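Asks: Turn these sequences into a full structure, and let the hints steer you where they fit.
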Amino acid sequence: MKSKLITFGILLMGILLIGCSKELTTEEIQNKLIQANSNLNSYSVDMKMSMNMVTEMLGQQMNIKSDINSKGNIDRTNKKMVLKGTVKYDTSGMRTEMDTETYALDNYLYTKTMNMWMKMKLDKDIWTQQDQVSQIVELVQSGTIERLEDETIDKNPYYVIKINPDLKKVVELALQQQQQSELLNQNMDFGDMIKSYSSTIWVNKKTFVIEKSKTDMKMLMTPENMGKKGTTTSGEIEMDSSVEIKISNINKDFVINLPEEAKDAMDLTELKESLNQKSEQAKGTTSITGNAIAEVFS
Numbered sequence: 001m002k003s004k005l006i007t008f009g010i011l012l013m014g015i016l017l018i019g020c021s022k023e024l025t026t027e028e029i030q031n032k033l034i035q036a037n038s039n040l041n042s043y044s045v046d047m048k049m050s051m052n053m054v055t056e057m058l059g060q061q062m063n064i065k066s067d068i069n070s071k072g073n074i075d076r077t078n079k080k081m082v083l084k085g086t087v088k089y090d091t092s093g094m095r096t097e098m099d100t101e102t103y104a105l106d107n108y109l110y111t112k113t114m115n116m117w118m119k120m121k122l123d124k125d126i127w128t129q130q131d132q133v134s135q136i137v138e139l140v141q142s143g144t145i146e147r148l149e150d151e152t153i154d155k156n157p158y159y160v161i162k163i164n165p166d167l168k169k170v171v172e173l174a175l176q177q178q179q180q181s182e183l184l185n186q187n188m189d190f191g192d193m194i195k196s197y198s199s200t201i202w203v204n205k206k207t208f209v210i211e212k213s214k215t216d217m218k219m220l221m222t223p224e225n226m227g228k229k230g231t232t233t234s235g236e237i238e239m240d241s242s243v244e245i246k247i248s249n250i251n252k253d254f255v256i257n258l259p260e261e262a263k264d265a266m267d268l269t270e271l272k273e274s275l276n277q278k279s280e281q282a283k284g285t286t287s288i289t290g291n292a293i294a295e296v297f298s
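1 is the number of the first residue of the sequence shown in the numbering used here; add one for each residue after it.
For the record, the hints were derived by calculation from the structure and aren't laboratory data.
These numbers come from a predicted model, not from an experiment.
From the three backbone atoms N, C-alpha and C, an ideal C-beta is built for every residue, glycine too.
The reader is advised that the hints may include incorrect statements.
In silico lysine to any residue, SDA-like type, Cα no more than 20 Å apart, as pairs [what the hints assert, rightly or not]:
1. Lys-80 x Asn-39
2. Lys-162 x Tyr-197
3. Lys-169 x Phe-190
4. Lys-162 x Ile-245
Here are the in silico distance ranges between beta carbons for each label pair [what the hints assert, rightly or not]:
5. Glu-244 x Lys-195: 37 to 45 Å
6. Asn-63 x Asp-264: 35 to 43 Å
7. Ser-92 x Asn-164: 31 to 39 Å
8. Ile-256 x Gly-191: 35 to 43 Å
9. Lys-252 x Gly-191: 34 to 42 Å
10. Lys-168 x Lys-214: 15 to 23 Å
11. Ile-256 x Ser-50: 24 to 32 Å
12. Phe-190 x Gln-61: 19 to 27 Å
Replies: Written as structure tokens, this is what we have:
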């Protein structure tokens, strides 16, 4: 009889504990993931991005396709970073492929492209371009989220979350990625510009850290929705992009050292302030898609 009472007591305690466990609301999950990911010290990133852009320049249709694959480590506390990968461009049939290296150290961003090292001062916009987790957190903070069906990956449970961000924030981050933040203005019609947008994140249930994300977006940029009414600008840009990101090595200690060959990097900050031919060369080193956007809407 005594053993039966003990067994009954254990079962009753289990039922009470289950009954007392509280399922988190969507708002609570949102707050917890913002806090957890805002406080990350460091992480590794594996990113795949593809973009297809169609525009018209000098009476000719230009089709620019790009694929970027990069991996690396980001130390948010000390604003240090290393990313290595490949970039493939197809500009109206002209193909370019190159290996890239990017470092953030000592308030400078160092980039190796076509075997040439360049550097520029590391301001807030440039750092945001590199910090993928920070970008996702900004989107989550700007709008609302929807909870989808939970998933288990490699025996780890995840909340699967759909992000419904402020469209202005989406455009702001897109222009930052192309180093064209100066084009952002209060007259933009973001609802007309973004034709479709889908962003999903996988949040570790134990830590609330975002460990995976996938974003797809279609944009149509015209003089009207870019706030350029009354100008002679007549072009438009169709942009279709997809980005997949995996996050790992959360809060690990990374040793990030600048390669010896990068210490004599060409300073783009100084070149951009000059009005000679080298300044135009510096402009060409940002990105092919970024230059096309600047040419159409500047």
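Asks: All hints, please: hold or fail.
Replies: Verification of the hints:
no. : hint                          : result
1   : Lys-80 x Asn-39               : holds, 16 Å
2   : Lys-162 x Tyr-197             : holds, 11 Å
3   : Lys-169 x Phe-190             : holds, 9 Å
4   : Lys-162 x Ile-245             : holds, 15 Å
5   : Glu-244 x Lys-195: 37 to 45 Å : violated, 20 Å
6   : Asn-63 x Asp-264: 35 to 43 Å  : holds, 37 Å
7   : Ser-92 x Asn-164: 31 to 39 Å  : holds, 36 Å
8   : Ile-256 x Gly-191: 35 to 43 Å : holds, 41 Å
9   : Lys-252 x Gly-191: 34 to 42 Å : holds, 41 Å
10  : Lys-168 x Lys-214: 15 to 23 Å : holds, 22 Å
11  : Ile-256 x Ser-50: 24 to 32 Å  : holds, 27 Å
12  : Phe-190 x Gln-61: 19 to 27 Å  : holds, 26 Å
Checked against the numbered hints given earlier, the structure breaks only hint 5 and satisfies all the rest.
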